[in-house]
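Number of protein chains: 2
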Amino acid sequence: MALGEVFLIPTVLQDDETALESLPINIINTVRNCQVIFTENERTTRRHLKKMDRNIVIDNFQWFTIGKIEDSILDTFSQQLQLGKNVAIVSEAGCPGIADPGQFLIAEAQKINAKIHPLVGPSSILLALMASGMNGQNFHFMGYLPVDTTERKNAIRKIESMSINDNCTFIFIETPYRNVPLVKDIISNTKPSTRLCIAANITAASENIRTKSIQDWKKEDLNYLHKQPTIFLLDGGRQYAPKSHY
Amino acid sequence: MALGEVFLIPTVLQDDETALESLPINIINTVRNCQVIFTENERTTRRHLKKMDRNIVIDNFQWFTIGKIEDSILDTFSQQLQLGKNVAIVSEAGCPGIADPGQFLIAEAQKINAKIHPLVGPSSILLALMASGMNGQNFHFMGYLPVDTTERKNAIRKIESMSINDNCTFIFIETPYRNVPLVKDIISNTKPSTRLCIAANITAASENIRTKSIQDWKKEDLNYLHKQPTIFLLDGGRQYAPKSHY
Numbered sequence: 001m002a003l004g005e006v007f008l009i010p011t012v013l014q015d016d017e018t019a020l021e022s023l024p025i026n027i028i029n030t031v032r033n034c035q036v037i038f039t040e041n042e043r044t045t046r047r048h049l050k051k052m053d054r055n056i057v058i059d060n061f062q063w064f065t066i067g068k069i070e071d072s073i074l075d076t077f078s079q080q081l082q083l084g085k086n087v088a089i090v091s092e093a094g095c096p097g098i099a100d101p102g103q104f105l106i107a108e109a110q111k112i113n114a115k116i117h118p119l120v121g122p123s124s125i126l127l128a129l130m131a132s133g134m135n136g137q138n139f140h141f142m143g144y145l146p147v148d149t150t151e152r153k154n155a156i157r158k159i160e161s162m163s164i165n166d167n168c169t170f171i172f173i174e175t176p177y178r179n180v181p182l183v184k185d186i187i188s189n190t191k192p193s194t195r196l197c198i199a200a201n202i203t204a205a206s207e208n209i210r211t212k213s214i215q216d217w218k219k220e221d222l223n224y225l226h227k228q229p230t231i232f233l234l235d236g237g238r239q240y241a242p243k244s245h246y
Numbered sequence: 001m002a003l004g005e006v007f008l009i010p011t012v013l014q015d016d017e018t019a020l021e022s023l024p025i026n027i028i029n030t031v032r033n034c035q036v037i038f039t040e041n042e043r044t045t046r047r048h049l050k051k052m053d054r055n056i057v058i059d060n061f062q063w064f065t066i067g068k069i070e071d072s073i074l075d076t077f078s079q080q081l082q083l084g085k086n087v088a089i090v091s092e093a094g095c096p097g098i099a100d101p102g103q104f105l106i107a108e109a110q111k112i113n114a115k116i117h118p119l120v121g122p123s124s125i126l127l128a129l130m131a132s133g134m135n136g137q138n139f140h141f142m143g144y145l146p147v148d149t150t151e152r153k154n155a156i157r158k159i160e161s162m163s164i165n166d167n168c169t170f171i172f173i174e175t176p177y178r179n180v181p182l183v184k185d186i187i188s189n190t191k192p193s194t195r196l197c198i199a200a201n202i203t204a205a206s207e208n209i210r211t212k213s214i215q216d217w218k219k220e221d222l223n224y225l226h227k228q229p230t231i232f233l234l235d236g237g238r239q240y241a242p243k244s245h246y
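Protein chains in written order, with full-length UniProt numbering: chain Z, 1 to 246; chain F, 1 to 246.
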């Protein structure tokens, strides 16, 4: 029997109508073509699929929760593919495989040579980078910075220095309720000319993506970031010099 | 007068019907809402917009070619926004601002505090990373490797060593006619256990994204990559160990 195929299904980043428009129309048809769904959260995935297509019969799918990655879930996943079933992997938000446990299932699918189809959808990393005006030729996403204050300050200084030396944009995230302390640490531990992009509520109606130098951010009240899903981009590298670049 | 807003319009990566389905439906409505288009290539953008909506009146837009970035084009861009016009920025392929000259216009828009809206679309970087099964918590896109053979081999060894030390996925591209020599250089300059993902023709019907260890790639004929748009991902870091990770 031919192996089943794996479809990586992106979901919205925000729970509003604007965000729903950011998904390509082929996603729901692709899900219809699958028999099995592996998801981080069955309840939100069920609700999301219903929002995309109210005629979809949710109970026709076999459901598995990814949650804790253990050998048993990898075995189940692998068995479903070997039974010839098409499997959808769905994230809690955004793109499966990017900062996400789905990645381990995908690695398993690669091991057994199953065909994998990534579908286009919203990624806060990529959307923020596009809108930042920062270097998109060389960038590094590094997830979360350390929580410990001293370690975090050191990490920020190290990021800035690597960014200057390699002309590289660094991208990182934080748990939303820690955004304000993080941004204060960034502002007080970097050079005035370094550029920081603060990208909040991406794809929502309240989306707000702004790049400023540290000296300009210092003039702003940044408390609006409290509890807003935000991604940060730092670029200490040389800025665009029109005549010399091309 | 209120400043115009900037919309970052992604386009297809491949010129086939399958690829067209990867675009969200709201893109064409967003373009309709703009008065001015800045594009890398006017001819392909005109054709692409017509494909998305044959009723669109192409000549209603004011067209500017990005091409060589000089002060004059930045001035023109800035003037259009100050006239209150909504501006679309369109790449030759993929997402504006990512490995793309549109980035300089976006930086200019950030400088004058224009609102910038990145739209969801296909990025070979992100789609390949999703499907690779590699580390999506820590990754570095670095554009092209050096063309000089000795420098390139050194770069490959350096990438592998950084990937192992930092547990980071490195992502890079090559001009399609140089894919085969590049992949040969990778295979002969990395450890047998290092994983390499070769992602070709992303979003096309012929899409082919496979991750294997270097020792497994050695058994394959890789000449099929000649002149196929391809992106490479290298991960020498520790692989998933179910019990210990969560």
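One should not assume that every hint holds.
Remember, identical chains collapse to one label, so a pair may be satisfied in a single copy or spanning two.
To be verified - Cross-link-like lysine-lysine pairs, in silico, DSS-like; alpha carbons within 30 Å at most:
1. Lys158 with Lys191
2. Lys184 with Lys111
3. Lys184 with Lys115
4. Lys212 with Lys115
5. Lys115 with Lys51
6. Lys184 with Lys227
7. Lys50 with Lys85
8. Lys227 with Lys153
9. Lys50 with Lys111
10. Lys184 with Lys51
11. Lys50 with Lys212
12. Lys50 with Lys158
13. Lys218 with Lys115
14. Lys153 with Lys51
15. Lys191 with Lys115
16. Lys184 with Lys50
17. Lys219 with Lys50
No lab work stands behind these hints, which were simulated from the structure alone.
Hint-by-hint comparison with the structure:
1. Lys158 with Lys191: both (12 Å within a copy, 29 Å between copies)
2. Lys184 with Lys111: between (44 Å within a copy, 22 Å between copies)
3. Lys184 with Lys115: between (45 Å within a copy, 24 Å between copies)
4. Lys212 with Lys115: between (43 Å within a copy, 13 Å between copies)
5. Lys115 with Lys51: both (28 Å within a copy, 29 Å between copies)
6. Lys184 with Lys227: Within one copy only: 15 Å inside a chain, 48 Å across chains, cut-off 30 Å.
7. Lys50 with Lys85: within (22 Å within a copy, 38 Å between copies)
8. Lys227 with Lys153: This pair counts as within: shortest intra-copy Cα distance 21 Å, inter-copy 46 Å.
9. Lys50 with Lys111: Answer is neither; intra-copy 33 Å and inter-copy 41 Å both fail.
10. Lys184 with Lys51: For Lys184 and Lys51, neither the intra-copy (39 Å) nor the inter-copy (47 Å) Cα distance is at most 30 Å.
11. Lys50 with Lys212: Neither way: Lys50 and Lys212 sit 40 Å apart in one copy and 37 Å across, limit 30 Å.
12. Lys50 with Lys158: Neither: 45 Å inside a copy, 48 Å across copies.
13. Lys218 with Lys115: between (49 Å within a copy, 20 Å between copies)
14. Lys153 with Lys51: neither (43 Å within a copy, 50 Å between copies)
15. Lys191 with Lys115: between (47 Å within a copy, 25 Å between copies)
16. Lys184 with Lys50: neither (41 Å within a copy, 47 Å between copies)
17. Lys219 with Lys50: neither (45 Å within a copy, 45 Å between copies)
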